[in-house]
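Peer 1: Those protein sequence lines, which keep their order, are chains A and B.
Taking my numbering, the leading residue of the first sequence gets 1, the next gets one more, and so forth.
Taking my numbering, the leading residue of the second sequence gets 1, the next gets one more, and so forth.
Check before you lean on any hint, since a few could be wrong.
Unchecked claim - Simulated DEER-style distance windows between Cβ atoms: (1) His-78/A - Pro-533/B: 27 to 37 Å; (2) Gly-594/B - Ala-26/A: 55 to 65 Å; (3) Ala-123/A - Asp-260/B: 46 to 56 Å.
It is worth saying that the hints were derived from the structure and are not from the lab.
Computed from a predicted model, the values in this text were never measured in an experiment.
Yeah, the Cβ is synthetic: ideal placement off N, Cα and C, and Gly gets one too.
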Amino acid sequence: MHTVLLPVGADLYAVPIESVREVVAAPSVTRLVTAPAHVVGLINLRGEIVPLLDTAALLLGVGTVGPLSFAVVLHTPHGPVALAVTGLPERAELSVSCGTSELPGTAGIYQVDRQVAVLLNLAALLVPDRLDGHDAPARSVSGGVS
Amino acid sequence: MAALSVEQVQVLFAQEATVRLAQLGQLLLKLEEAGADDTLVQSIFRELHSLKGSAAVARLEDVSDCAHRLEDLVDGLRSGRTSMTAELIDTLLAGVDRLTVLIMGQDAEPLPAPSTASTTRPVAVDSPPVSNGNHVITDLPMPAASDVVPATDVQAKAVGQSSSGSPTTPAGAVILVPTERLEELTRLVGETASAHLRVGQLLKDRFGVDPASCSEYNELSRSLNELQDRATRTQMVPVATITDQLHRAVRDLARTQGKDIRWDARGIDTEMDRSALQLVSDCLLHLVRNAVDHGIEGPAEREAAGKPGHATIRLHAMQLGSEVVIAVTDDGRGIDIAEVGQRAAQQGVDTEGMSEEELIELTFRPGLSTTAFVTDVSGRGVGLDVVRTKIEATRGRVEVRSERGVGTEFRIIMPITLAVLRCLLVEAGGQRFALPFHRVVMSQADDPAAREHAEGRPVIWVDNQPVPLSMLRHTLGMDADPANAGPIVVLADTSRRHAFHVDRLVGQRDVVLKGLSRLLPHLPVYAGASVEPDGSVLLVLDPPGLIQRARQGIRTTPVAVQVPITDGPRRRVLVVDDALTVRELQRNILERAGFAVRVASDGGQALSKLAEESADLVLTDIEMPIMDGFALTEAIRATPALANIPVLILSSRSSEADRQRGLEVGADGYIIKSAFDEASLLAAVNRLLGVLAA
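Throw the hints in and build the complete structure from the sequences for me.
Peer 2: Here it is in structure tokens:
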């Protein structure tokens, strides 16, 4: 499967490449005060207002610590949405499966070189009902993020 | 705005029909492949039903009649009276062809009237017969090849061009542009503005030139900003653009049925995204036709019910925060909930234990109709089903409220995708926010000496009324610097006012508001967002949501909660108001506070209800049909059995003369609607009932 790898702190996630619209470097973010922790804010994508979500908070319930370097803008049936990542996203072929993943909104664990990437199931992760009553597992991020 | 001519309506119909006919053809072919698929059958039925309704509005009776006969066939299939055969598909496709000719023949250059003898091709129909009791389509006139007019001719006429392609559009006329092109234009303008900003950054980084000091750069910035604003606005149109068509539909149908109906359209300058409005237009057409056909009684029935001879259908559009609400209200007979329940039960729905609200929701079920007769207008139970499906597909919702004998109100509520709002720009917590101007009561410098404290919170005096005061930064959960309290902005929702400290006032201007993504959770304090000329995102706050949030979190000292009673029977309040929304709001507030509430829509109905069962308090409006609030109060005081019931008037009439008159006729209290909120209403009711706070 052809994917784009999303570094989030010490973790690595993957999304199918066809779901990626573009990658924005160092986006200017408008904070959306009163929003839950998994919402970083809004970015202006050439006149289009796109929500930026904290990938770690979305999956783990714990916000990303460290600089927001890139926003990966994804296509969804509900409009564009961006995921915040802390390192440069790269393309990768996922071929070696290492087993199933535990987190809701994910679709398995894969080996990429010597790293482990968790494939995101965007259809399950990015749906209005789930995000409205977002209930990520209370779990600490071991190893932290840079 | 002038009413559309029949020709203009027919041109609009031709555009709609082109899409519907293409869709019908596709669906029929799919049905032939898939077999008797209920979803496909239902979709075909809806398309034909919508086509029929629109054709009737466009006064194309032959088209409406043909669509009706095809609808009968599909209805037979839907109900299981006939089975799906290839011959049936043949017949239906032939019918679609016939519709195409009829519609294009009406719209294109005059066609020679098709000779039935020469163009009729009897369609072989095997047993079971393709019939629905009243109609049998075995003799649909088929189009001759020469009759068929290319679709491009119809479309060319719709945009004012001849079929040869030579433009005949007069200067200043309107042309039709595909929505996709407008969206593409807006996107490209956005791209251009973004590139312009990057060039400015480049000038600064590489050449050390401040772009703000370059007049050419600034001029281009201004032009691009204006272009971006205009491009965005091309996608918005006022509700007024569709109300003439609706008015015409009501008028024509009312005349056909011998009903005297007044059309009342309000708030029609409310703007909506054109694609959303187009979708809403179809749904509103269903609703107003249903209102005329089902809702409004005939003259004799209205007279017998003591109602005015002329009925009213009202369309009221308004923008409320991040939503546009379009309400269609009639003062007809209301929905017979018992009958709805019966018919639903006949369809296998378990209605046992359903509340009135749940039963009334059943009117949106496919196939349910409370009308005993099938007409060419409605009565097949398809309209409301179509309305809800279409509106929900675009994140909207439809609500219905009805009262037997009083009327029905349908509300279509659509999230704002785009709107232009005049806004007051303020800063709070280092961030800029926009406040919709129509919610701003006033702004003023802060005067700490003028502040008071009431009910555990700071208040200021506005128009001799204490108004709670909060810091906007606190309310938004931002870091607050207590030493930095700037000017005060007073905001209002429908019933409450609230003052907010902001860091500073920035100015006022039009803001192109866009709705927030569906993927964001519901955030009641925001109406939407806008892109600023410098590329940043400006958040537009929603004052009602903001006020609600502020009121939930501003008390600094504990306040006892008022409860009407702690034991014994519940106190009974009769709420009298002809406005469904106000009535329901009051009922909701009072019921949540523990009162037993009944409602009446005018003074006469209130007296009838009091005769059936007394009340501990009457809460009444003044302006109502049949018997107003003054007359009701007088009648209560003049009736020995009712004379001791406290009467509280809640009215939008704010003059001292009205208040004085209310007290003179015997009211015990007088509240002005603009100053009314939950707390003040409950305080007044409790005071009159002699209830103490717990």
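Peer 1: Would you mind marking each hint as holding or not holding in the structure?
Peer 2: We went through each hint and held it up to the structure:
Separation of His-78/A from Pro-533/B is about 28 Å and conforms to the stated range, judged on CB atoms against 27 to 37 Å. For the hinted restraint 55 to 65 Å between Gly-594/B and Ala-26/A, the CB-CB distance of approximately 56 Å keeps it satisfied. Between Ala-123/A and Asp-260/B the C-beta distance comes to about 55 Å, which sits within the given range of 46 to 56 Å.
Taken one by one, the earlier hints all hold for this structure without exception.
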